[in-house]
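Could you build the full structure based on these sequences and the hints that come with them?
In order, the protein sequence lines correspond to chains L and P. Each number in this note's numbering corresponds to the 1-based position in the first sequence with 5 added. Each number in this note's numbering corresponds to the 1-based position in the second sequence with 109 added.
Since the hints were made in silico from the structure, they are not lab data. The reader is advised that the hints may include incorrect statements.
Have a look at the derived ranges for each label pair, beta carbon to beta carbon [as the list claims (entries may be wrong)]:
(1) Ile403/P x Gly47/L: 40 to 48 Å
(2) Ile403/P x Arg190/L: 54 to 62 Å
(3) Ser239/P x Arg190/L: 49 to 57 Å
(4) Asn67/L x Arg419/P: 15 to 23 Å
No residue lacks a Cβ here, since even glycine has one placed at the ideal position from N, Cα and C.
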Amino acid sequence: MSQQGVIEIADLTKKYSDFVAVDKLNLHIDEGEVFGFLGPNGAGKTTTILMLLGLTEPTSGNARVCGYDPIREPLKVKRIAGYLPEKVGFYEDLTARQNLEYIAALNGLPREDASRKIEELLDTVGLSEVADQKVGQFSHGMQQRLGIADVMIKDPKVAFFDEPTAGIDPEGIEQILAIITNMARKKITVVLSSHQLHQVQRVCTRVGILAKGRLVIEGSVDHLGRDAIGGGKFRIEVQVLQSTPNLISSIKNINGVVNVESSGDLLLISCDEDLRPQIARTVVDSGSLLAQMKIEEYGLEQIYMKYFRES
Amino acid sequence: MSGFMAIFWKELADHFTSKRFIILSLLIYLAGLATIYVAAQNIRSGVTEDTQFIFLRLFIVSGKTLPFSFPLFLSIFIPIVGISLGFDAINSERTSGNLSRLLAQPVYRDSVVNGKFLAGLVTLAILVVSIVAIVAGMGLRMIGVPPSAEEVLRLFAFIFASIIYGAFWMSLAVLFSVFFRRTATSALASIALWIFLFLFMSMIAGVIAGAVVPIDQNSSVELITQNDELYRMISRISPGTLYGETVQVLLMPELGNPSATLMMVSIYTAGMIPSPLPLGQSLLIIWPQLVSLIALTALCFAISYIRFMREEIRAT
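Dropping the structure here:
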């Protein structure tokens, strides 16, 4: 963490009259990371992204994108940062290709480079066949994919995606996530804001949860689980009949078990791996009766819910 | 700079391919041709041996079948064209979700306004120049009298004034498009203001002038002049009046004063028939009107510019 990150945020605050949208946010994102910004609506995700792009002025605090200050040098930031807004729109009377040509021109790309690049990108996002159709006829998913091509056209170092998968069918989501994963492979830093947790979990190397403008927790999904639940990634619920007194301690001795709690005839075991076979053997060996066993994997959803209940 | 040019060219292409623009320009060409036809039919009446500026008469003569002269047509259509070029400049970008995408590109924010404004201005200029050229060409064919050098210069001045007048309405519409979120609202606001100024301003001016300086048939010339001056001062709040006066003076060189009533008075009092003014004198007379139009345009543009530059893109 010592080297300069692609995105550095220090005490970033944004107030709208008496409402605090972003409250002293601190964040560090390294090159090539896929960072997931989580949080309910109105948590300040979009505001943070807008401040990083210099589209909104922070009330106080600092931000750096690749070393540039978005307030002082907005053009330098915009040259290297791509942004896909939540409610993205295109010029409906223009074709997909014309829309991209316009953005390429705004970025000062020479015409020939641009047309080659556009061809390539349309192929990447799977829109080659409809390149010369007017965008007005595009489905939401197609527009969203066009939006990704639009972000990629300037060869960004950082890409901000605001809810890229909202309102898109599962197949479309798969395509979009695949493209994002590919971007990360090309060393493009991706910041993804979303509240669709399953997807974030799949593509993000790190997530941060925002609530009421504050970053309540950040880290990799695995880590978050441990911190949030105070236990391992898995939760195994065991119903034991006629339990013996030393059963709990012998389960605690199984390698990988983090914590055991009992309530009535239920044992709640949290562990790092799926230890059901070992636990079953221990229970039977101790002379108790194993009535049933349920396993739950801790996902982002639980972590998320936990933090929202708290905040 | 590349961003500005890109925006300019795209907006220009948008204007010329939009159905709105095609419909409007067809309508205007049609109106132009109709007036020139009527004018050519009626131009002989009132022309004597020593009538000067016959070519310019083409633009001001109207007939019984169509009681509109060409400048009157323009003074109605130019605001509509100006409004149609500007009313959705900014807010349509916002509602369609293009604005935040556009502003995330490495272009200065003022390039967006400037590019759009200049594209609108060029479109307007092309429309005005082409309609005047068509009318002049048709007229030349119909009456066979070529324009003198001064007439050509006066036509250029007329074109310039018309473009400025259109630019005013366009910048007003752009202003509304920055302030109102919905395109329907900004369109209606612009048109409402236009109708108010066009229909009611002279009425209001008449009422006020009548109340302040009451006149009747036996009033002295002095009183009539006072009443008329007040009336004109008030009605000049409407840019349409400014444009109308400018056009009158430009296309009717014998008119030494933009007010027809006042000219009648001067003929009546001095008993002299006015002789045509040289172009320089005509320009001098309408200079305040032109400058006012330009200033109004610049004012609207400046306000929308500042407002747009300061506006924050918000997460909603």
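Of the numbered hints stated earlier in the document, which are not met by this structure?
none
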